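Chemist: Here is how the chains run, residue by residue.
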Amino acid sequence: MNTTVRYANTRPAVAAGDAMTLPANFYTDPELFKRELRAVHYDMWLHAGRTEQLPEAGSYFLVRFAGVNVIVLRGQDGEISAFNNTCRHRGTLLCQEHEGKIAGGRIRCPYHAWTYELDGKLVGAPNMEKVEGFRMEDYPLGSVATATWDGHVFINLSANPIPFEQHLAGLDQKFARWGMADLKRVERRVYHAKANWKLIFQNYSECLHCPIAHPLLNKHSHYMSGDNEPPQPTYLGGRMDLRPGVTSLTMSGQSNRAPLPGLSEEDARHVYYYALLPNFLLNLHPDYMLTFQLWPIAVDRTDIVCEWHFHPDAIAKPDFDPSGAIEFWELTNQQDWDLSDRAQEGISNFGYQPGPYSNREELLFGLDRWVQEKLARLD
Amino acid sequence: MNTTVRYANTRPAVAAGDAMTLPANFYTDPELFKRELRAVHYDMWLHAGRTEQLPEAGSYFLVRFAGVNVIVLRGQDGEISAFNNTCRHRGTLLCQEHEGKIAGGRIRCPYHAWTYELDGKLVGAPNMEKVEGFRMEDYPLGSVATATWDGHVFINLSANPIPFEQHLAGLDQKFARWGMADLKRVERRVYHAKANWKLIFQNYSECLHCPIAHPLLNKHSHYMSGDNEPPQPTYLGGRMDLRPGVTSLTMSGQSNRAPLPGLSEEDARHVYYYALLPNFLLNLHPDYMLTFQLWPIAVDRTDIVCEWHFHPDAIAKPDFDPSGAIEFWELTNQQDWDLSDRAQEGISNFGYQPGPYSNREELLFGLDRWVQEKLARLD
Amino acid sequence: MNTTVRYANTRPAVAAGDAMTLPANFYTDPELFKRELRAVHYDMWLHAGRTEQLPEAGSYFLVRFAGVNVIVLRGQDGEISAFNNTCRHRGTLLCQEHEGKIAGGRIRCPYHAWTYELDGKLVGAPNMEKVEGFRMEDYPLGSVATATWDGHVFINLSANPIPFEQHLAGLDQKFARWGMADLKRVERRVYHAKANWKLIFQNYSECLHCPIAHPLLNKHSHYMSGDNEPPQPTYLGGRMDLRPGVTSLTMSGQSNRAPLPGLSEEDARHVYYYALLPNFLLNLHPDYMLTFQLWPIAVDRTDIVCEWHFHPDAIAKPDFDPSGAIEFWELTNQQDWDLSDRAQEGISNFGYQPGPYSNREELLFGLDRWVQEKLARLD
Numbered sequence: 006m007n008t009t010v011r012y013a014n015t016r017p018a019v020a021a022g023d024a025m026t027l028p029a030n031f032y033t034d035p036e037l038f039k040r041e042l043r044a045v046h047y048d049m050w051l052h053a054g055r056t057e058q059l060p061e062a063g064s065y066f067l068v069r070f071a072g073v074n075v076i077v078l079r080g081q082d083g084e085i086s087a088f089n090n091t092c093r094h095r096g097t098l099l100c101q102e103h104e105g106k107i108a109g110g111r112i113r114c115p116y117h118a119w120t121y122e123l124d125g126k127l128v129g130a131p132n133m134e135k136v137e138g139f140r141m142e143d144y145p146l147g148s149v150a151t152a153t154w155d156g157h158v159f160i161n162l163s164a165n166p167i168p169f170e171q172h173l174a175g176l177d178q179k180f181a182r183w184g185m186a187d188l189k190r191v192e193r194r195v196y197h198a199k200a201n202w203k204l205i206f207q208n209y210s211e212c213l214h215c216p217i218a219h220p221l222l223n224k225h226s227h228y229m230s231g232d233n234e235p236p237q238p239t240y241l242g243g244r245m246d247l248r249p250g251v252t253s254l255t256m257s258g259q260s261n262r263a264p265l266p267g268l269s270e271e272d273a274r275h276v277y278y279y280a281l282l283p284n285f286l287l288n289l290h291p292d293y294m295l296t297f298q299l300w301p302i303a304v305d306r307t308d309i310v311c312e313w314h315f316h317p318d319a320i321a322k323p324d325f326d327p328s329g330a331i332e333f334w335e336l337t338n339q340q341d342w343d344l345s346d347r348a349q350e351g352i353s354n355f356g357y358q359p360g361p362y363s364n365r366e367e368l369l370f371g372l373d374r375w376v377q378e379k380l381a382r383l384d
Numbered sequence: 006m007n008t009t010v011r012y013a014n015t016r017p018a019v020a021a022g023d024a025m026t027l028p029a030n031f032y033t034d035p036e037l038f039k040r041e042l043r044a045v046h047y048d049m050w051l052h053a054g055r056t057e058q059l060p061e062a063g064s065y066f067l068v069r070f071a072g073v074n075v076i077v078l079r080g081q082d083g084e085i086s087a088f089n090n091t092c093r094h095r096g097t098l099l100c101q102e103h104e105g106k107i108a109g110g111r112i113r114c115p116y117h118a119w120t121y122e123l124d125g126k127l128v129g130a131p132n133m134e135k136v137e138g139f140r141m142e143d144y145p146l147g148s149v150a151t152a153t154w155d156g157h158v159f160i161n162l163s164a165n166p167i168p169f170e171q172h173l174a175g176l177d178q179k180f181a182r183w184g185m186a187d188l189k190r191v192e193r194r195v196y197h198a199k200a201n202w203k204l205i206f207q208n209y210s211e212c213l214h215c216p217i218a219h220p221l222l223n224k225h226s227h228y229m230s231g232d233n234e235p236p237q238p239t240y241l242g243g244r245m246d247l248r249p250g251v252t253s254l255t256m257s258g259q260s261n262r263a264p265l266p267g268l269s270e271e272d273a274r275h276v277y278y279y280a281l282l283p284n285f286l287l288n289l290h291p292d293y294m295l296t297f298q299l300w301p302i303a304v305d306r307t308d309i310v311c312e313w314h315f316h317p318d319a320i321a322k323p324d325f326d327p328s329g330a331i332e333f334w335e336l337t338n339q340q341d342w343d344l345s346d347r348a349q350e351g352i353s354n355f356g357y358q359p360g361p362y363s364n365r366e367e368l369l370f371g372l373d374r375w376v377q378e379k380l381a382r383l384d
Numbered sequence: 006m007n008t009t010v011r012y013a014n015t016r017p018a019v020a021a022g023d024a025m026t027l028p029a030n031f032y033t034d035p036e037l038f039k040r041e042l043r044a045v046h047y048d049m050w051l052h053a054g055r056t057e058q059l060p061e062a063g064s065y066f067l068v069r070f071a072g073v074n075v076i077v078l079r080g081q082d083g084e085i086s087a088f089n090n091t092c093r094h095r096g097t098l099l100c101q102e103h104e105g106k107i108a109g110g111r112i113r114c115p116y117h118a119w120t121y122e123l124d125g126k127l128v129g130a131p132n133m134e135k136v137e138g139f140r141m142e143d144y145p146l147g148s149v150a151t152a153t154w155d156g157h158v159f160i161n162l163s164a165n166p167i168p169f170e171q172h173l174a175g176l177d178q179k180f181a182r183w184g185m186a187d188l189k190r191v192e193r194r195v196y197h198a199k200a201n202w203k204l205i206f207q208n209y210s211e212c213l214h215c216p217i218a219h220p221l222l223n224k225h226s227h228y229m230s231g232d233n234e235p236p237q238p239t240y241l242g243g244r245m246d247l248r249p250g251v252t253s254l255t256m257s258g259q260s261n262r263a264p265l266p267g268l269s270e271e272d273a274r275h276v277y278y279y280a281l282l283p284n285f286l287l288n289l290h291p292d293y294m295l296t297f298q299l300w301p302i303a304v305d306r307t308d309i310v311c312e313w314h315f316h317p318d319a320i321a322k323p324d325f326d327p328s329g330a331i332e333f334w335e336l337t338n339q340q341d342w343d344l345s346d347r348a349q350e351g352i353s354n355f356g357y358q359p360g361p362y363s364n365r366e367e368l369l370f371g372l373d374r375w376v377q378e379k380l381a382r383l384d
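Residue numbers (this note's numbering), protein chains in the order written: chain C, 6 to 384; chain D, 6 to 384; chain Z, 6 to 384.
Extracted from the complex, chain C is given alone in its bound form:
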C-alpha cells in the first residue's frame, strides 16, 4: 500500500555552528517572557476565532492570555470589532463568560453601570454629573484592531498595527481555493502544555521527528516529503505529500468525504502546514481544515486550542463521521505536546547548552532569529 517514494534532502546546507538553538533564558526567564509579549504578542495580528462564533449583533467571545482579556463581538452594523474587557471607570472586568450574547445590546459594567454601545461608545455614566468637564466621548472602551480573512477573525493589540494585508502577505490568494470561509467547526479541544510557546511552534515547523514520534503520520505522509517556503516575516510553512493511496490524514488514511470543492487534483495530494506568527497554525487537508491557536500563559505554559472544521455538504451527509480525523490529531497532538514538555524540562536543566540545527530545521532557526530581532526593536 505505501509505495516507497524517495525524497532527497534538497534544502541548502548550513555550516556547523552557524545555526544553534537559543540560550535557555528564552525558555525560562519570566522577565524575558514579558518582553517577548510586548515585542511579539502585543504587537502582531493574533488569530482570535471564527466568524461563525459571532452569528448576530451582540454575539461575543473573549480572548484571554497572559495579561490580556479582550471582547471580540459583532456590532449592530454587523461588523466585527474588539475591545479591552475593562471598564473605563474603575477598571472592572466587563464580561465574565467565555462567550455569549451581550444582554440588551449594550455592555453594562456590573459595578456602577457604566454602559457602552457595541461600538465601544460610552452612553451611560451614572453619578458623573458633578465632574466638571467630564464628557462621555472621552471614555470609550479601549479599541482593539480586528480583521477577517475567509472566516478567520484576527485581533491586534498594538496602537499602530501593520496593515493586515501585509501580515497575510498573499496567503489569502494562496489558500483561496480551500474556501475556508464556508467551513464549519465540528470539534474543539483545549490543551495545557507545560512548555514555552516557541517550543510548540518549533515542534510544528519540522517533521524530522515524525518517523520517531508519529509513526502513523509518517505512514500516511513521508516525513521527508515536506517542502517549505523560505521563512517569511509573518509566517513559516510548507506542504507535505500524502503517500500513494492515502486520501487524508485520518486514523485509516482514508476519508469518505469529497475534497473541498475548489481544490485541484494536485491540491488534494498534499497537506499544507502554515504557522502565522505568533499564534496561529493552519493545517489544510484535502477534506478538512485543522486550526491551532497558541496562547502564552507563562514562560513555561501555553494553552493550545485545536479545532476541526469541515465543509457543510460533508457535515450534512448521513454518513458524516469526523472521528477518524479527530482521533488522528488527538493522537498526534498528545505526542507533540509530550515532546514539547520534555524539551521545556530539558532546556530548564542546568546542563543545557545550545545545540546545532540541521538544514531541515531552517524554519526553527528562522523563528529564533525573528524573535531576537523583534526583541531588539523594543524600546
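Derived by calculation from the structure, the hints in this document are not laboratory data.
Predicted model only: the values in this text are computed from it and were never measured.
Treat each hint with caution, since some may be false.
Unchecked claim - DMTMM-like cross-link-like pairs, simulated, lysine to aspartate or glutamate; straight-line CA separation at most 25 Å:
{"hint": "1", "chain 1": "C", "residue 1": "Lys135", "chain 2": "D", "residue 2": "Asp246"}
{"hint": "2", "chain 1": "D", "residue 1": "Lys106", "chain 2": "Z", "residue 2": "Asp346"}
{"hint": "3", "chain 1": "Z", "residue 1": "Lys199", "chain 2": "D", "residue 2": "Asp23"}
{"hint": "4", "chain 1": "C", "residue 1": "Lys126", "chain 2": "D", "residue 2": "Asp23"}
{"hint": "5", "chain 1": "D", "residue 1": "Lys135", "chain 2": "Z", "residue 2": "Asp34"}
{"hint": "6", "chain 1": "C", "residue 1": "Lys39", "chain 2": "D", "residue 2": "Asp308"}
{"hint": "7", "chain 1": "D", "residue 1": "Lys135", "chain 2": "Z", "residue 2": "Glu234"}
Based on the hints, put chains D and Z in the right spot on chain C.
Modeler: Chains D and Z in isolation, oriented as in the chain C frame:
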C-alpha cells in the same frame, strides 16, 4: 413602605481629570506591595481582635498576614500585650494554634526550651552557660505595641507608633454611645478575596454601586443617603439613613432587638460606616455591630474576617435570632467580594488605564493619595 | 536501666554576640538561594546514591533538584559515570523514569533519535548530513564528574571539581571499619520539608534539642554525650554514646543484630553522625547505616531521602526485622522536620532577628560562616 426620599448630590464638584484611579502597578506589582506593607501595615495601628477573645491570663490569639505572625495575649497582670511569634534563639515559631491558652503560663519554644514570661521576659535559656556575657535580659520576645478601645484590640508593628489617641482622632468620643465594649461576638466568617486590599477599602467607601449590586441594601437604605466626613489622616467614613419603616439592616429590614442602650432616637435611624486605615471596617447598626478585618496576603489576595456582635441583653432573650443580620451581610459581602475580584481582574488587564472618579468617590481618591503619600515618606 | 552518666560541657566558651544566627534573607530570598546553588551545590561533591542501585551495564538513576537533572549510570566497562539529562541537539530530556535500565544500551532521544553510547559519546544524529563541518565527536552528552567511596556514589557538577580525596578528607580511613560497601538498602523514605536546606543541616548538627524534641533518642543516648570534631572545610560531625545497656538506636534500644563485622567493642558503643557538605548526612550505628540526602528544591523547600542499610548476613537471618530501626528514625525524622518547618516559618516572620548560638552549636555557626565564605568567592 419605602417612602421616596430625595437626596441631592451636595458633595463638592470635582474637575474632570483631577481625580483619577491609580495606575495598574498599585494592584499588580509584588514589589510595590512589599513597599506598601512597610509604609502602611508595618507602620500603623491594626485591628487585631476583641478583648473578649482574651478572657484570662495566658489567653492568646495570633495575628497573621503577609510576613507577620504576632501573639496577642493577656498577661499575669491582666493587661493585653503582643509579641513577635519568633524565638530569640534561632527564630522558631513559638505558638502554632490560631488561639488558645499558653500552657503553664510561660511561652516555651518547642526546639530548645527557651522560655518566656507572658510579659516577654526570657527566663529560661538552657545550655547558654558557656556563652560569656550572655544575659537573658538582652533577649526578651520582640514587643509589639497594643492598645484597646471599647473592646477592640489594636497592635502596631512600628518601633515608634503614633499615639493611639492620635490614630483614633476622636472616634472613641463619637461612638461612645454605642457601648461597643459590652457587645459579644456571635458569628465569625472568613473570606478569601482575590483582590488587592485597597480594592476592598474602595468598595466599602462608596455606595454608588449599591442600587446595582445590592438591591436589598438599597431597599433598606437609599444609596444617595450616605453622608461622608471629609477624609481624615487615619479614617474615612460617614453614615447612611435607614428608609422609613426600616429598623435595621437585616434580610427583612426589621429587628426584634432594642436599639443599643446608649443610642438616641436619631442615632437609631442611621448606619455608620467607618474605615480605620489600614485594616478595620466598622459598621454600627442600631442594634448590632459588624466588624471587618482586612489582611493583605499578597498583592492580589486579601483575607477578610467579618464578625457580628450583639448586646448581651439581646443575646439572652429566648427569641434572639441573629440570622437576619448574618444573612443580610453574607449576601452583601459576596456581592462585594465578587466585584472586588472582578476589579482586580480587569485592572490586571493589559488594556486598563486609570479612569475618572466622581465627586461621590472622594473617599477613594483620598485613600489613593494617602497611600501614595505614605509611600513617598518611606526611606 | 538508664544508669546516669554525667557529661560536662567541655567545649570552648564563646563570647556573647560573636556567634549569631544568619539574617533572614539566607532563608527567604529566592535570589540568594540561586547564588547559594551556584556557590555550593553546583560546585561540590554531592551524594547521588549507592552503587547497588547500578547492578549492571545500562542501569541508571536520576539526580533531580533545583535546576538539575543528571543521569547516573553504569557503563559497558562497568564504571559509573554521569551526564546531563539533556540532549545536545535541542535540549530534550532524555530519561524520564526515576531509575531503570537504558534500553538497548544506548541513550536515544525520543524527539529526533540522537543516540549516545553509555560513555556519552554521540553515535547517531539523523539528518545532520547537510550540516557542513558537523562532527558527532563535538556533541557528547554533558559529562558530570563521579566518584565512589565504600558503595556511596557522588557526583560533581563543577567544570573543575576539587579532588574527591580532598572532599573526603580522610573520612574513608576513619570509617573503613564499618565496611559500608557491603551494606544493602532495606528501606527508602522521601520527605518534603518546608524549610531551607541549611535548617535541615543545622537541626542535624546539634543535640541540644534532643531532650525536648526526641525523648526516646535521649533515653537511648544522652544528649550531652555528643563529641564533635572541629568543623572541617567539607564536613561536620562527631559521635555520641549509647547509654549503658543500649545496643543500637531502635524503638527498644535493643538489636538482635551483631555489630558490623569490622567494628571494635569501643566502636559499637557509639553512634557517629557526619554531615558531608552540602547534601549528605551519614549516621553509623553499631549494626546499621542510616543515610540522608538533602535536595534543595526552593529557598523554603527541601526534599530529604532517608535510607536504612544493613549487613547482608543480618538480612539473611530468618529473624531479621529492621522495623525497630525504621520506626525509631521515622519518629525522629518527623520530629526534626516539624521543627525545621517551624524554624522556617518563624524566620520568615517580620519580627525575626539573628539570635545567639551557644558554645554547643559551634557546628551550626561553622556552617553559616562556611556558606558566607562560599558566596563571597562567587564571581
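Chemist: Each hint: holds or not?
Modeler: Evaluated hints:
1. C:Lys135 to D:Asp246: This hinted pair holds, its Cα atoms lying about 22 Å apart.
2. D:Lys106 to Z:Asp346: holds, 23 Å
3. Z:Lys199 to D:Asp23: This hinted pair is violated, its Cα atoms lying about 48 Å apart.
4. C:Lys126 to D:Asp23: Holds, because 22 Å separates the two Cα atoms, which is no more than 25 Å.
5. D:Lys135 to Z:Asp34: With a Cα-Cα distance of about 33 Å, the restraint between Lys135 (chain D) and Asp34 (chain Z) is violated, given a limit of 25 Å.
6. C:Lys39 to D:Asp308: Not satisfied, since the Cα-Cα distance of roughly 29 Å exceeds 25 Å.
7. D:Lys135 to Z:Glu234: Distance ~18 Å between Lys135 (chain D) and Glu234 (chain Z) Cα, so the pair holds.
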